[in-house]
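Start counting the sequence shown at -12; every next residue gets the next number (the numbering used here).
Simulated from the structure, these hints should not be mistaken for lab results. These numbers come from a predicted model, not from an experiment. Among these hints, one or two may not hold up.
As the list claims (entries may be wrong) - Calculated pairs, EDC-like style, for lysine to aspartate or glutamate (alpha carbon to alpha carbon, straight line, at most 20 angstroms):
| no. | residue 1 | residue 2 |
| --- | --- | --- |
| 1 | LYS124 | GLU109 |
| 2 | LYS124 | GLU89 |
| 3 | LYS94 | GLU81 |
| 4 | LYS94 | ASP7 |
| 5 | LYS124 | ASP111 |
| 6 | LYS124 | GLU87 |
| 7 | LYS94 | ASP111 |
| 8 | LYS(-7) | GLU89 |
| 9 | LYS103 | ASP1 |
| 10 | LYS18 | GLU87 |
| 11 | LYS144 | ASP1 |
| 12 | LYS144 | ASP7 |
| 13 | LYS144 | GLU109 |
| 14 | LYS3 | ASP111 |
| 15 | LYS3 | ASP47 |
| 16 | LYS3 | GLU89 |
| 17 | LYS103 | ASP7 |
| 18 | LYS103 | GLU87 |
What the hints assert, rightly or not - Pair by pair, the computed Cβ-Cβ distance ranges are:
| no. | residue 1 | residue 2 | range |
| --- | --- | --- | --- |
| 19 | ASP7 | LEU30 | 12 to 20 angstroms |
| 20 | LEU77 | HIS126 | 17 to 25 angstroms |
| 21 | PRO162 | SER119 | 15 to 23 angstroms |
C-beta atoms are modelled at their ideal positions from N, C-alpha and C, and glycine is treated no differently.
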Amino acid sequence: MSATTKIAVHSLADLKNTTDDALPNYLHSLKFRQIHNQTDVRLVLGYSAVIIAGALFYFDYKFGWEASKPYTAPAVVAYFILNSAFSYWLWFVEAGTVYEGEGSTGKVRIASSTKKHIPIYECDVLFTPAGSNLQQKIHIRAPMTRWFTSDGYFVAKPFQQWLASEVPIIGAADPSNVVEEIGRGSETERTLNATGNNAIDVLEQLKASGAKVSTGSGRRRKA
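The task is simple: from the sequences and hints, build the whole structure.
As C-alpha cells, this is what we get:
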C-alpha cells in the first residue's frame, strides 16, 4: 500500500524520517509491543532540567534577585548535570534507536542511521529470539529507492519484505513477506565487505551461496 503523503525525494531527512515512522507501524501490525523504557528516561531527564530552569526563573521574577540568589548556583549545577545526562543518554544510550519492542517471536531493538548525501538506510539490529537468552546483533542496509517511488511516495510492501527477510524474528512473525533473494543479496554484500581484497575467495563464496557469477574477461565488446 502506498503512502498518501508525498515527500521531497532529494531530502535525505524526509526519506529517513518517513522510513523511521513506517518501521514501528509495521511491527505493531505484527503484534509487537513497543517498550518505552529508554524514551521514559529521556523524558524524565529533559523535563526535570526544564522544571528547574522554570522554577528558578519564576522565583527570581516573583521575589527578586536577593531572595533567589542562594538557590541560583545549585539550580545551575543541577541543570547542567541533567542536561549533560540527557545529551549522553540521547547520543550514547539510545544512539539512534527508532524502535524497541517484543513480540511472540522475540525481542528487537533497531537503531537507524544514514550517511551524509547517501540515501542508504542502515540499521543496527539487536534481537533475542523467543525462548533464548542469547542476544544477537546484525547490521543491515538498503537503498531507500527500494521503497520510495521516483515522485516521492512511500511503498510499504518492499520495505516490509526487506525487514522480514533480513531480521529473523521479524521474518518469523511475517513469513509471507520473506523473500529469499533479498537476504541472499545482503549476505553477498557482507561477504564482499569482509573479503573484498581477495577476488578468488569472493567468487567461490558467491558460487557456494548460489549466486550467478560471470567469469568473463570483462573486456568491452567492440561495436
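Tested hints:
1. LYS124 <-> GLU109: holds, 13 angstroms
2. LYS124 <-> GLU89: holds, 16 angstroms
3. LYS94 <-> GLU81: Within the cut-off at roughly 16 angstroms; holds.
4. LYS94 <-> ASP7: holds, 18 angstroms
5. LYS124 <-> ASP111: holds, 7 angstroms
6. LYS124 <-> GLU87: holds, 14 angstroms
7. LYS94 <-> ASP111: Distance of about 14 angstroms is within 20 angstroms: holds.
8. LYS(-7) <-> GLU89: With Cα atoms ~31 angstroms apart, LYS(-7) and GLU89 exceed 20 angstroms; violated.
9. LYS103 <-> ASP1: holds, 13 angstroms
10. LYS18 <-> GLU87: With Cα atoms ~13 angstroms apart, LYS18 and GLU87 stay inside 20 angstroms; holds.
11. LYS144 <-> ASP1: holds, 19 angstroms
12. LYS144 <-> ASP7: Roughly 15 angstroms separates the two Cα atoms, so the pair holds.
13. LYS144 <-> GLU109: Roughly 18 angstroms between the alpha carbons, so the hint for LYS144 and GLU109 holds.
14. LYS3 <-> ASP111: Distance of about 15 angstroms is within 20 angstroms: holds.
15. LYS3 <-> ASP47: violated, 43 angstroms
16. LYS3 <-> GLU89: Violated. LYS3 to GLU89 sits at ~23 angstroms, over the 20 angstroms cutoff.
17. LYS103 <-> ASP7: Cα-Cα ~17 angstroms, so holds.
18. LYS103 <-> GLU87: violated, 25 angstroms
19. ASP7 <-> LEU30: 12 to 20 angstroms: holds, 18 angstroms
20. LEU77 <-> HIS126: 17 to 25 angstroms: Since the Cβ atoms of LEU77 and HIS126 sit about 21 angstroms apart, the hinted range of 17 to 25 angstroms holds.
21. PRO162 <-> SER119: 15 to 23 angstroms: Holds - the Cβ-Cβ distance for PRO162 and SER119, about 19 angstroms, lies within 15 to 23 angstroms.
Violated hints, listed in ascending order, are 8, 15, 16 and 18; each of the other numbered hints is respected by the structure.
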